[in-house]
Amino acid sequence: MKQLSAARASDTPFRLRPDGIDLFVKLTPKAATDAIQGLEIAADGRCRLKARVRAAPEKGKANAALERLVARILDLPVSAVSLTAGAAARLKTLQITGDPKILAARLPGLVTSSD
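When you number the sequence shown by our numbering, it's gap-free, plus one each residue, and the end is 115.
Hints were generated in silico from the structure; no laboratory data involved.
Some hints here could point you the wrong way.
Each pair of labels, with its calculated beta carbon distance range [what the hints assert, rightly or not]: (1) 16 / 78: 15 to 23 angstroms; (2) 99 / 32: 13 to 21 angstroms; (3) 43 / 15: 13 to 21 angstroms; (4) 75 / 43: 31 to 39 angstroms; (5) 11 / 58: 28 to 36 angstroms; (6) 30 / 105: 29 to 37 angstroms; (7) 28 / 82: 17 to 25 angstroms; (8) 105 / 58: 34 to 42 angstroms; (9) 30 / 102: 27 to 35 angstroms; (10) 56 / 102: 29 to 37 angstroms; (11) 56 / 99: 29 to 37 angstroms; (12) 101 / 58: 30 to 38 angstroms; (13) 54 / 82: 31 to 39 angstroms.
Cross-link-like lysine-lysine pairs, in silico, PhoX-like; alpha carbons within 25 angstroms at most [said to hold, decoys possible]: (14) 50 / 101; (15) 30 / 59; (16) 26 / 101; (17) 30 / 50; (18) 59 / 26; (19) 26 / 61; (20) 50 / 26; (21) 61 / 30; (22) 50 / 61.
Predicted, not measured: the structure shown is a model, and the values here were computed from it.
By construction, the Cβ of each residue, glycine as well, lies at the ideal position given by its N, Cα and C atoms.
When you get a sec, could you build the whole thing from the sequences and use the hints?
Right, here's the structure in full:
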């Protein structure tokens, strides 16, 4: 039964926190457009949101572009989205501040909407 619970937890690319959510992302920099590509189950079994940005992975430009992209799609201020892990890696964790239930309800829009 515990394995089933753990599997369900990995079915979503986020984790609820008291003050918001942690969003798990696989980022591709230097892409043709800024967009969300959908979901991916990584080798570690975790579900991650796939995103791509035009910015190069230098001096935090791609990370900042990812924060702006997620904030725009979720209709949040950029200050509500911050990188908390993976600054120099493709696998990243974003902390999104706000009501966790409202944010979790908006997340399906990330997969269906991309700009």
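Verification of the supplied hints:
Separated by about 22 angstroms at the C-beta atoms, residue 16 and residue 78 satisfy the suggested range of 15 to 23 angstroms. About 34 angstroms separates the C-beta atoms of residue 99 and residue 32, a value inconsistent with the hinted range of 13 to 21 angstroms. A C-beta distance of roughly 19 angstroms is found between residue 43 and residue 15, which places it inside the suggested range of 13 to 21 angstroms. Take residue 75 and residue 43: their Cβ atoms lie about 33 angstroms apart, and the range 31 to 39 angstroms holds.
Checked against the given bound of 28 to 36 angstroms, the beta carbons of residue 11 and residue 58, roughly 34 angstroms apart, stay inside it. Against the hinted window of 29 to 37 angstroms, the Cβ-Cβ separation of residue 30 and residue 105 comes to about 32 angstroms, which satisfies the hint. One distance hint, 17 to 25 angstroms for the beta-carbon pair residue 28 and residue 82, holds here, with the actual separation near 20 angstroms. Taking the beta carbon of each, residue 105 and residue 58 are about 35 angstroms apart, inside 34 to 42 angstroms as hinted.
Roughly 33 angstroms separates the CB atoms of residue 30 and residue 102, a value that falls within the hinted 27 to 35 angstroms. Under the hint 29 to 37 angstroms, the C-beta atoms of residue 56 and residue 102, about 33 angstroms apart, fit the expected range. Range check, residue 56 to residue 99: about 34 angstroms between beta-carbon atoms, so the 29 to 37 angstroms window is met. Residue 101 and residue 58 have their C-beta atoms about 37 angstroms apart, which keeps the hinted 30 to 38 angstroms range intact.
A hinted range of 31 to 39 angstroms for the beta carbons of residue 54 and residue 82 is inconsistent with their spacing of about 20 angstroms. Among the hinted pairs, residue 50 with residue 101 is consistent with the structure: their alpha-carbon atoms are about 22 angstroms apart, no more than 25 angstroms. At roughly 14 angstroms between alpha-carbon atoms, residue 30 and residue 59 fall within 25 angstroms of each other, so this suggested pair holds. A hinted pair counts as satisfied when its Cα atoms are at most 25 angstroms apart, and residue 26 with residue 101 qualifies at roughly 23 angstroms.
Distance check on the hinted pair: residue 30 and residue 50 sit about 14 angstroms apart at the alpha-carbon level, within 25 angstroms; holds. Taking the CA atoms of residue 59 and residue 26, the gap is about 18 angstroms. The hint holds against a cut of 25 angstroms. In summary, the hint linking residue 26 to residue 61 is supported, as the alpha carbons are separated by about 16 angstroms, within the 25 angstroms threshold. With a C-alpha separation of about 5 angstroms, the suggested pairing of residue 50 with residue 26 holds against the 25 angstroms cut-off.
Of the supplied pair hints, the one linking residue 61 and residue 30 holds, its CA atoms being roughly 10 angstroms apart against a limit of 25 angstroms. Using a Cα cut-off of 25 angstroms, the hinted pair residue 50 and residue 61 holds, with the two alpha carbons roughly 17 angstroms apart.
Violation of the numbered hints given earlier is confined to hints 2 and 13; the remaining hints are satisfied by the structure.
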